[in-house]
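Participant: Listed below, chain by chain, are the residues.
Number of protein chains: 2
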Amino acid sequence: EIVRKVTDFFTGDQTLKGKRILVTAGPTKEALDPIRFFSNQSSGKMGYAIAAAAQRAGADVTLVTGAQLGDIKGVTTVHVTSAREMYDEVIRRYNGLDAVIKAAAVADYRPENVSASKIKKSDGPMMVKMVRNPDILKELGRQKVKQVLVGFAAETDDLEENALKKLESKHLDLLIANHASDSFGNDTNKVTFYFANGRKQVLERMPKPQIAEEILDALSGLFEMSDSK
Amino acid sequence: EIVRKVTDFFTGDQTLKGKRILVTAGPTKEALDPIRFFSNQSSGKMGYAIAAAAQRAGADVTLVTGAQLGDIKGVTTVHVTSAREMYDEVIRRYNGLDAVIKAAAVADYRPENVSASKIKKSDGPMMVKMVRNPDILKELGRQKVKQVLVGFAAETDDLEENALKKLESKHLDLLIANHASDSFGNDTNKVTFYFANGRKQVLERMPKPQIAEEILDALSGLFEMSDSK
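Read top to bottom, the protein sequences are chains A and B. If you count the first sequence from 1, position 67 lands on 67 in the working numbering, and the numbers rise without skipping. If you count the second sequence from 1, position 182 lands on 182 in the working numbering, and the numbers rise without skipping.
The set of hints was computed from the structure by calculation and includes no laboratory data. A quick note: this is a predicted structure, and the numbers were derived from the prediction, not measured. Be a bit skeptical, because a hint or two may be false.
Simulated pairs of lysine-lysine, PhoX-like, Cα-Cα distance not exceeding 20 angstroms [to be verified]:
(1) LYS129(B) x LYS120(A)
(2) LYS166(A) x LYS121(B)
(3) LYS166(A) x LYS200(A)
(4) LYS120(A) x LYS120(B)
(5) LYS120(A) x LYS19(B)
(6) LYS121(B) x LYS118(A)
(7) LYS19(B) x LYS29(B)
(8) LYS120(B) x LYS121(A)
(9) LYS17(B) x LYS146(B)
(10) LYS144(B) x LYS120(B)
(11) LYS129(A) x LYS17(B)
(12) LYS120(B) x LYS129(A)
(13) LYS165(B) x LYS118(A)
(14) LYS120(A) x LYS144(B)
(15) LYS118(A) x LYS19(B)
(16) LYS146(B) x LYS118(A)
(17) LYS29(B) x LYS121(A)
(18) LYS166(A) x LYS29(B)
(19) LYS129(B) x LYS118(B)
(20) LYS166(B) x LYS121(A)
(21) LYS166(B) x LYS121(B)
(22) LYS29(A) x LYS166(B)
(23) LYS129(A) x LYS29(A)
(24) LYS129(A) x LYS121(B)
(25) LYS120(B) x LYS165(A)
(26) LYS118(B) x LYS118(A)
(27) LYS121(A) x LYS165(B)
(28) LYS165(B) x LYS118(B)
(29) LYS138(A) x LYS120(A)
(30) LYS166(B) x LYS138(B)
Stretches of chain B that chain A covers, calculated by requiring three or more beta carbons in the stretch to come under 8 angstroms of a beta carbon on chain A [to be verified]:
(31) 28-37
(32) 127-138
Don't be surprised by glycine CBs; every beta carbon is placed ideally from N, CA and C.
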């Protein structure tokens with residue numbers, strides 16, 4: 001098994017040949033003014049690792065990313081800043097896709113008002129009204145025809161409960177859950193797979209490129225199930 | 001003149017030998033919860049370039065940074081996240097310093113309340129109360145004995161007016177001003193020097209390492225003026 005995987009890594013086993021896969025990665029940045037923004041700790045490493053592995057496995061890969069980790073050869077990379085830009089770039093490609101793997105940590109909120117010039121500080125406090133960003137994954141679930149949808153949940157509390165809720169409410173095929181402290185900024189992660197059919201798979205801690213391989217193995221399985229229907 | 005500078009670059013002209021200089025760099029990040037934060041577009045490139053140039057010129061350099069660009073050989077590097085951490089690290093070293101060059105873009109505000117767990121999103125808007133961070137440069141100006149203080153102003157509007165106000169209110173010896181759009185994320189910048197004695201020096205657009213050399217030339221001049229008093 002290990003020998004097979006190592007061989008696959010170098011030669012490419014082309015298990016995803018012909019599949020059109022979109023991967024999202026990194027954080028989004030939500031501007032408050034031309035200098036200040038609201039964001040999150042996502043590094044983009046997981047999404048980049050998935051995009052690279054999918055490309056090696058023969059897929060036609062588009063990476064929509066809020067992180068800038070250096071473009072991957074053979075992967076169409078689209079750089080975005082805000083959640084709304086990411087929403088637009090993902091949704092308009094959705095019809096032509098076989099799968100979306102949403103590894104990005106999209107900001108749930110953005111400042112309602114974006115100042116065109118730098119906000120001058122004053123002595124007192126400042127209230128910032130944050131409004132909800134569009135929910136990309138929810139919209140993908142709603143518009144879903146045949147696409148396989150893979151989401152992530154990084155939580156600090158009640159991980160399994162939140163994961164199962166997200167799996168169902170977003171109509172995902174696979175939800176990859178981890179504790180936020182195990183992942184953000186790290187080169188490794190410790191994740192659990194929750195499948196729509198109720199199966200649960202607990203993975204040990206491993207490097208993100210190896211997790212990417214596990215995710216694509218799971219995705220191949222989901223494609224096989226889907227094709228045999 | 002050019003030959004001298006090129007030679008100096010490689011051999012080190014040691015004009016700052018024995019001087020203890022603290023440089024701050026990068027943005028600060030102000031947590032809202034374990035995942036989300038407020039920050040700004042500063043890359044840290046200017047501060048790192050100044051620290052490297054000061055080290056080459058023979059100074060004893062400490063870099064306090066919110067950016068992670070790779071430590072510089074011979075420079076004591078202190079990594080911080082928030083404005084309050086940067087404040088603590090700078091202020092407690094101040095007594096022993098000959099100069100502070102404050103190239104960091106310190107967040108003026110932080111969320112008043114930091115949640116220990118990830119804030120669950122809800123359907124409606126979210127109000128975030130931001131409170132003022134301590135003003136590092138103002139405190140340095142207040143506690144100033146003999147130290148030379150160099151600050152930066154990145155503005156979107158009324159650049160000269162804001163620069164002159166900051167120069168005076170923070171008791172700076174030199175204020176380096178630029179338009180925000182000329183600097184953030186760029187490898188070059190277009191700056192103007194405003195000195196406490198009223199002198200103004202407009203520099204053409206140049207790479208940040210070259211601006212760093214110009215700043216240290218100006219600093220050497222300020223040390224000479226100070227020593228001859």
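Participant: Does each hint hold? Answer for all of them.
Facilitator: A quick look at each hint next to the structure:
1. LYS129(B) x LYS120(A): Answer holds: LYS129(B) to LYS120(A) is near 16 angstroms, not above 20 angstroms.
2. LYS166(A) x LYS121(B): With a Cα-Cα distance of about 12 angstroms, the restraint between LYS166(A) and LYS121(B) holds, given a limit of 20 angstroms.
3. LYS166(A) x LYS200(A): Holds, at about 14 angstroms.
4. LYS120(A) x LYS120(B): Judged against 20 angstroms, a Cα distance of about 31 angstroms means the pair is violated.
5. LYS120(A) x LYS19(B): Violated. LYS120(A) to LYS19(B) sits at ~34 angstroms, over the 20 angstroms cutoff.
6. LYS121(B) x LYS118(A): Distance of about 28 angstroms is beyond 20 angstroms: violated.
7. LYS19(B) x LYS29(B): Not OK: LYS19(B) and LYS29(B) at ~30 angstroms, beyond 20 angstroms, violated.
8. LYS120(B) x LYS121(A): violated, 29 angstroms
9. LYS17(B) x LYS146(B): Within the cut-off at roughly 17 angstroms; holds.
10. LYS144(B) x LYS120(B): violated, 45 angstroms
11. LYS129(A) x LYS17(B): violated, 50 angstroms
12. LYS120(B) x LYS129(A): OK: LYS120(B) and LYS129(A) at ~16 angstroms, within 20 angstroms.
13. LYS165(B) x LYS118(A): holds, 16 angstroms
14. LYS120(A) x LYS144(B): Violated. LYS120(A) to LYS144(B) sits at ~25 angstroms, over the 20 angstroms cutoff.
15. LYS118(A) x LYS19(B): violated, 35 angstroms
16. LYS146(B) x LYS118(A): Judged against 20 angstroms, a Cα distance of about 33 angstroms means the pair is violated.
17. LYS29(B) x LYS121(A): holds, 17 angstroms
18. LYS166(A) x LYS29(B): Between LYS166(A) and LYS29(B) the Cα gap is close to 29 angstroms, so the pair fails against 20 angstroms, i.e. violated.
19. LYS129(B) x LYS118(B): holds, 17 angstroms
20. LYS166(B) x LYS121(A): Measuring from Cα to Cα gives roughly 13 angstroms; hence the hint holds.
21. LYS166(B) x LYS121(B): violated, 39 angstroms
22. LYS29(A) x LYS166(B): violated, 29 angstroms
23. LYS129(A) x LYS29(A): holds, 16 angstroms
24. LYS129(A) x LYS121(B): Judged against 20 angstroms, a Cα distance of about 14 angstroms means the pair holds.
25. LYS120(B) x LYS165(A): Holds, at about 13 angstroms.
26. LYS118(B) x LYS118(A): Violated, because 29 angstroms separates the two Cα atoms, which is more than 20 angstroms.
27. LYS121(A) x LYS165(B): holds, 14 angstroms
28. LYS165(B) x LYS118(B): violated, 40 angstroms
29. LYS138(A) x LYS120(A): violated, 37 angstroms
30. LYS166(B) x LYS138(B): Distance of about 9 angstroms is within 20 angstroms: holds.
31. 28-37: Per the Cβ count (6), the hint holds.
32. 127-138: Held - the region 127-138 of chain B has 6 residues with a Cβ nearer than 8 angstroms to chain A, which meets the minimum of three.
The earlier numbered hints that this structure contradicts are 4, 5, 6, 7, 8, 10, 11, 14, 15, 16, 18, 21, 22, 26, 28 and 29.
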